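The hints should help you fit chain B onto chain A, whose structure is shown.
Top line first, the protein sequences correspond to chains A and B.
Just add 54 to wherever you are in the first sequence, counting from 1, and you've got our numbering.
Just add 176 to wherever you are in the second sequence, counting from 1, and you've got our numbering.
Do not take every clue at face value.
[To be verified] Every beta carbon over 12 Å from chain B, so not counted as near; a handful from chain A, in silico:
{"hint": "1", "residue": "E222"}
{"hint": "2", "residue": "F234"}
{"hint": "3", "residue": "L235"}
{"hint": "4", "residue": "L251"}
{"hint": "5", "residue": "T429"}
[As the list claims (entries may be wrong)] Which stretches of chain B does chain A cover? Using the computed rule of at least three CB atoms under 8 Å from a CB of chain A, they are:
{"hint": "6", "stretch": "284-292"}
{"hint": "7", "stretch": "334-341"}
Hints in this document: simulated from the structure, not taken from any laboratory.
These figures come from a predicted structure and were not determined experimentally.
Built from N, CA and C at the ideal position, the CB exists for glycine as well.
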Amino acid sequence: MDTQKNPAPVTARPPPVDILRFNTCGSVDDGKSTLIGRLLYDSKSLMEDQIEALERSADLTGGGGINLANLTDGLRAEREQGITIDVAYRYFATPRRKFIIADTPGHVQYTRNMVTGASTANLSIVLVDARAGVIEQSRRHTAIAALLRIPHLVVAVNKMDLVGWSEERFREIRAQFEEFLPRLGIQDVTFIPMSALNGDNVVDASPHTPWYRGPTLLGHLETVHVASDWNLGGLRLPVQWVNRPNRPRDAAWHDFRGYSGQIAGGVLHRGQEVVTLPSGVITRVKEIWTYDGSVEEAFCPQSVTVVLEHDVDLGRGGMVVGRDQPPGAGCDLTARVCWMHPRVLQAGRRFLLKHTAQTVPVVVPELLSRLDLATLEPASAPSALAMNDIGEIRLRTAQPLFFDAYTRNRLTGSFILIEPGTNATVAAGLCGEPREFVRPEGAEYAI
Amino acid sequence: MPSYHLDHLQHLETEAIHILREVAGEFERPALLFSGGKDSICLLRLAEKAFRPSELPLPLLNVDTGHHFPELNEFRDRRAAQLCARLIVRTVEDAIARGIALPAPGEVSRNRLQIPALLAAIEEFRFDCCIGGARRDEEKARAKERFFSFRDAFGQWDPKNQRPEIWNLYNARLNPAENMRVFPLSNWTELDVWEYIRRERLEVPSIYFSHARRCVRRGGQWLPVNDLVPPRPAEEVRDLVVRVRTIGDIISTGCVESRAATVDDIIAEIAAARVTERGSRADDRASEAAMEDRKKAGYF
Chain A
55 MDTQKNPAPV TARPPPVDIL RFNTCGSVDD GKSTLIGRLL YDSKSLMEDQ
105 IEALERSADL TGGGGINLAN LTDGLRAERE QGITIDVAYR YFATPRRKFI
155 IADTPGHVQY TRNMVTGAST ANLSIVLVDA RAGVIEQSRR HTAIAALLRI
205 PHLVVAVNKM DLVGWSEERF REIRAQFEEF LPRLGIQDVT FIPMSALNGD
255 NVVDASPHTP WYRGPTLLGH LETVHVASDW NLGGLRLPVQ WVNRPNRPRD
305 AAWHDFRGYS GQIAGGVLHR GQEVVTLPSG VITRVKEIWT YDGSVEEAFC
355 PQSVTVVLEH DVDLGRGGMV VGRDQPPGAG CDLTARVCWM HPRVLQAGRR
405 FLLKHTAQTV PVVVPELLSR LDLATLEPAS APSALAMNDI GEIRLRTAQP
455 LFFDAYTRNR LTGSFILIEP GTNATVAAGL CGEPREFVRP EGAEYAI
Chain B
177 MPSYHLDHLQ HLETEAIHIL REVAGEFERP ALLFSGGKDS ICLLRLAEKA
227 FRPSELPLPL LNVDTGHHFP ELNEFRDRRA AQLCARLIVR TVEDAIARGI
277 ALPAPGEVSR NRLQIPALLA AIEEFRFDCC IGGARRDEEK ARAKERFFSF
327 RDAFGQWDPK NQRPEIWNLY NARLNPAENM RVFPLSNWTE LDVWEYIRRE
377 RLEVPSIYFS HARRCVRRGG QWLPVNDLVP PRPAEEVRDL VVRVRTIGDI
427 ISTGCVESRA ATVDDIIAEI AAARVTERGS RADDRASEAA MEDRKKAGYF
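Same shape as in the complex, but just chain A:
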């Protein structure tokens, strides 16, 4: 074959440097799917067969021009009803970044999907129809983004073409947002006027908004700073799996006992003094083992296998933590939950709680408050939390949990509730401030 003779061509583009995960939210006709379609289309991330399929479906529905929303609405029921019924994930890359998009539907009853799509996001895009301005949905979506501590928010003021590209209207909407944003504590908010349908300010700057000096949406997504979004504070290594090679004839591995997990916070060093939980035993890191060789240090969110100096009682569900910044500990906690199931939550109900790599029985003794998403005010002592409600509750677990406040660590501060029997995931939970902290045996820093 003559193929070997051709020198390898230069790779068309350098590999993307990092990942930005974002989600889009808005109410039913704000044009989320159209916006994603536009991002993919204008950034040349669509392939010919996808464009062909779009054109075929345009013929079928007879609407004339191609429908960018058909790109993301993947299930037959969605295309037939013209709605998005579940979280759809999309991928594209530019020379600067790789993007993972969670397209989350905006209907009131699908708030749980937004929580799902937003829980892993670095950035949320809230779409607003420029004609309608801020509606309850906009407030709800922004509040959920804030609750989940998504570090960056973009308010995409869409359909600007339908309000004559009015700078005044854009400013009005921004003012409507700024009325309630301070109460939510979101640090980084960017407002962008656009028309997703026509592509203005999505990838290419619009000629219709000479008064707007900010970035296009893609320009912002490519440059927003996400490197510091991971938690490098206190060390947290939840143990997922105990690694004990069963190789009796192989002396090298005979005594190997490693604890495998993904670092959920902080930095791990060889030689570091650590506390193993729940035993509270203090030991040292003997080796940080990886398939690619031992390393001197590892950090969140790397997956590693750690070998400790002493034999300790540690298994799946346990945790290795640093001696500074100990996590909270205890069976009683307060948490905010987003309720995700048609069967309502009432005081006294029992569930299974999955937190890091452990699952424990839990009872909910008390409902403390329910957040009114229209006013963003909490109403106290509700009798129940219904599907899509967000509220504060008390929980009592059968075994102690080792956790952080969600505001401090998204991975060790979060949990899900599972309904026994049906095994349905019924709630997403965010831990509040711990009342007590871990005090390892012989600890000199006891309170």
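Chain B in isolation, oriented as in the chain A frame:
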């Protein structure tokens, strides 16, 4: 101060390793679906990274349609042996013989028939979880799939009633006879897979690289001429230099004309590609909802 930075492949890798270890921690009898294709090759390396220095805590499972490329099966067997992994192969042929899979009159494709063969293997070994190399970027119905995809006692996927997946907390609980499919590569794209193959210096079956092959033009694509795909009268037959971009059965996998002889060449080709990889699979072109319908019936 040192910079604690992961690039995109390292991010995807740590996410996949976390998922593989959750499978090992949560399930009694998991299996890993290994075909020898590029995605499952990455999956196997990730399993090594998740579980070494231990042996892989799960067997490899492959449903052989009987229409596989011979290069693929040879590679599958060799790779499993290299890793000292237990490889279980179940065939559609056998499923037909036992009356588990029933071909429709005149049905040549084994695509639909591998579903009952897979479900029978799951039952035979009482697997509670099958790990697959499917990616969300492959296809629109896949884009809605969870990492942990719940299947009822009939192996069915119910897209409207999926468990919400929040943060990295996966609800792996099952009742008897229910089953989980887990897809650690959900967030990977075709380009990520090849960049990972390059970074890890992974061997892949030879048919991914350019080679001379006699092809027949059918349904807008070049199919490899072989016993199962004989040219019909008036069809155009040509000797081409081709490679396969995605591997399905030998009767439905389109070849693309390519001079890509190395992984670098393939990466350059994909980066400049104007057609998706599934564009060369006749099984997905059947209708806009082809994949959705097969998945509801228990396809992985």
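Per the stated criterion, does the least C-beta distance between A:T429 and chain B lie above 12 Å, as a non-interface residue requires? 26 Å, holds
Non-interface claim for A:F234 versus chain B (Cβ beyond 12 Å): 25 Å, holds
Assertion that A:L235 lies outside the chain B interface [Cβ separation over 12 Å]: 24 Å, holds
Go check the stretch 334-341 of chain B versus chain A for me, would you? Three or more residues, Cβ under 8 Å, otherwise it fails. This one holds; 6 residues, not fewer than the three required, reach chain A with a Cβ under 8 Å.
With 12 Å as the threshold, tell me whether A:L251 passes as away from chain B on beta-carbon distances. 21 Å, holds
Can you confirm whether chain A covers the stretch 284-292 of chain B, using C-beta to C-beta distances below 8 Å and requiring at least three such residues? It is violated: at least three residues are needed, and the stretch 284-292 of chain B offers just 0 whose Cβ sits closer than 8 Å to chain A.
Non-interface claim for A:E222 versus chain B (Cβ beyond 12 Å): Fine: 39 Å to the nearest Cβ keeps A:E222 off the interface.
Checked against the numbered hints listed earlier, the structure breaks hint 6 alone; every other hint is satisfied.
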